[in-house]
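Q: Letter by letter, the chains look like this.
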Amino acid sequence: MNEVIGIIIAAILCWLNFVIVDTYFGLPEQPGVRGARIIGENVEKRGGDIAGGFFQGNIVCSPDASAGTLMAAIGYLLLGIPGGIIAAFFVFIGNRLCADPGYAGTVGSLTATLIIFICSFVGFTPEMFIVGMVIAILTVQGIDHKRASILLGKIADKFNRHA
Amino acid sequence: MFDLAYNTIFFASYGNIFGLSNITIGLFDVLLAYVVTIIASIVVALILKIPLLPGKPYRYSFDVSAIYPTPIIAIGIFSIFLVLNYTFMYNGLVLAVVIGALSALFVKYLFDFVFPKPLDEDKGEDI
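Each protein sequence line maps, in turn, to chains A and B.
Read in order, the letters of the first sequence are residues 1 to 163 in my numbering.
Read in order, the letters of the second sequence are residues 1 to 127 in my numbering.
Bound-form chain A, shown alone (with noise of 0.2 Å):
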């Protein structure tokens, strides 16, 4: 497959893994740690969505499905599937060391796993969704926090996980 479609696809479907996964487990509800509440007012005040905010904040603060998304496509290039896993595993150990639960951070580990597994037999490879995982990461965090937190906030109303 030509890698920059591969990318493109990747990036959508590491996005909407880890936005789903994350706003199912509520992270857009309540801030878990003070340094998200702190981000979330910070973004509501340059006019942006307060669910949006604590979602941004939340990710800041604590290995979520972002990260579990990017350490489980890491592990899928060294290691394989296992590798996949072991990331769910570490990832694990980061969310108890921050201060989560970390439901949101194993669960999107082991689908981002499954996502890749599937994908492989298209020919797509675990690099393109290191890269597109990076893509979707700035655009949640990178770009616009203002829009971002927005359309954020209009998914979490979806999922009826609104602040």
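No wet-lab data here; the hints were simulated from the structure.
Please note that a few of the clues may not be correct.
As the list claims (entries may be wrong) - Partial chain B-side listing against chain A, Cβ under 7 Å, derived:
1) R59
2) I72
3) G76
4) I80
5) L82
6) V83
7) L84
8) N85
9) F113
10) F115
11) P118
A virtual CB, placed ideally from N, CA and C, is assigned to each residue, including glycine.
Guided by the hints, dock chain B onto chain A, whose structure is given.
A: Chain B alone, transformed into the frame defined by chain A:
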């Protein structure tokens, strides 16, 4: 003098020298061993009277349970053995049961010591 990573891999490689590991373990065997690991960890956890589900609310609970951290720890450690090519006898089934039992024991007796719950000084507020 004491290189932990080297010594660990060196110790694990003894299995290959004595023919204890089965390097050509097939895909179906790996899948079966994973399922056995998950089932063994949940069953041993229930025998040790760890509750099946975490306390409510589910999504924010720090409690350990038979469903949530036990199988994750078990399959994570089993994967490490698998990538080291150390699967012991019967296509890894013995190792799967042993790791399932040990991870349930870890969750029951050591988990709160290794990963203590975050201090909740003002109840209900952020940590």
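Q: All hints, please: hold or fail.
A: Hint check results:
no.	hint	verdict
1	R59	holds, 5 Å
2	I72	holds, 5 Å
3	G76	holds, 2 Å
4	I80	holds, 6 Å
5	L82	holds, 5 Å
6	V83	holds, 5 Å
7	L84	violated, 10 Å
8	N85	violated, 11 Å
9	F113	violated, 12 Å
10	F115	holds, 4 Å
11	P118	holds, 4 Å
Violated hints, in rising order: 7, 8 and 9; the structure is consistent with all others.
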